[in-house]
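Enquirer: Starting from the known structure of chain A, fit chain B with the ligand onto it as the hints suggest.
As they're listed, the protein sequences go chains A and B.
Residues 53 to 138 in my numbering are what the first sequence spells out, letter by letter.
Residues 49 to 259 in my numbering are what the second sequence spells out, letter by letter.
If a hint is listed, it holds; no wrong ones were tucked in.
Below, computed lysine-lysine pairings styled on DSS-like, alpha-carbon distance capped at 30 Å:
hint	chain 1	residue 1	chain 2	residue 2
1	B	Lys-121	A	Lys-109
2	B	Lys-113	A	Lys-132
3	B	Lys-109	A	Lys-125
4	A	Lys-125	B	Lys-121
5	B	Lys-133	A	Lys-125
6	A	Lys-132	B	Lys-77
7	B	Lys-133	A	Lys-109
8	B	Lys-113	A	Lys-125
9	A	Lys-109	B	Lys-77
Which stretches of chain A does chain B cover? Using the computed rule of at least three CB atoms under 8 Å from a CB of chain B, they are:
hint	stretch
10	68-81
11	94-105
12	119-131
Simulated from the structure, these hints should not be mistaken for laboratory data.
Even glycine gets a Cβ: it sits at the ideal position worked out from N, Cα and C.
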Amino acid sequence: MTVDRLTCRELVELVTDYLENALPPEDRARFEAHIAGCHSCTSFLEQMRRTILLTGKLSEESLNGDSGDELLKIFRNWKKSNFESE
Amino acid sequence: MEAAPENATQLLEALRQGDEMAFTTLVDKYQASMVRVAMLYVSSHFVAEEVVQETWIGVLKGLAKFEGRSSLKTWIYSILINRAKTHAQREGRYVQLSLDEDSEAGEPTVSPDRFNPADNPLYAHHWVARPDDWREIPEEVLVSHETLERIQQAIDALPPNQRMVITLRDIEQLSSEEVCNILEISETNQRVLLHRARAKVRAALEQYLRQ
Ligand SMILES: [Zn+2]
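For reference, chain A alone in the conformation it holds in the complex:
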């Protein structure tokens, strides 16, 4: 008996589960078998991977705030009240 093969339409909905290692072993095997024989889904998977990588780059687009001094003041006050109170 052959196991039902995944269609491309089904596969695209499983990509995150696949990348998160959340597919049960049989489903993972079906996923990988499909990818091995399908250029289109290989491209799609690659697009999803790149999307994730590129999204991660947004963390480098830094928001500049200058709260450092204020925070140090807060820390020093906290320290004072905790360590020098008696």
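Expert: Structure of chain B with the ligand alone, referenced to chain A:
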């Protein structure tokens, strides 16, 4: 000069003893990220900074009681999100997110017209045309400021629950466990939201990169 503590346990211990270096290490590590996460809830950068400042005060005050049941990072972000919610409520902006509800349940994340219909004799449910190969796109185009801007726009347009999950996971690089703990949602639910969010960003990028 003292060296910065190397791991989370040492950092926590140093912090408890009032080590300023430990505190600035934490601030350097999380401040920018915390401001971005606060921005998910409140309307302005200014208020977000205020939320983050309150969070640090909350962290310092809570240190003595922190038992380490969650990681220091998860704990800090939980405080952050609580403060941010309080501010958002005050601004009248906070709508309780039904994070456990998938309002788009059953909807495909890739447009159905990208696939052959069920009655196609040979290629039913197969792609009509192969998705573009992004490996052929020069790195400087792919990683340009414009591309990143397009991604940010796509994220800003997401429903709040999807926006929150993708921001925490893919921008701030928190683990799925951390995100589930902070947002108090199940792993499954988190993956559904993440998938929808990523799929929409991918679609926006695809459209942008084709121009
Ligand atoms: Zn396929």
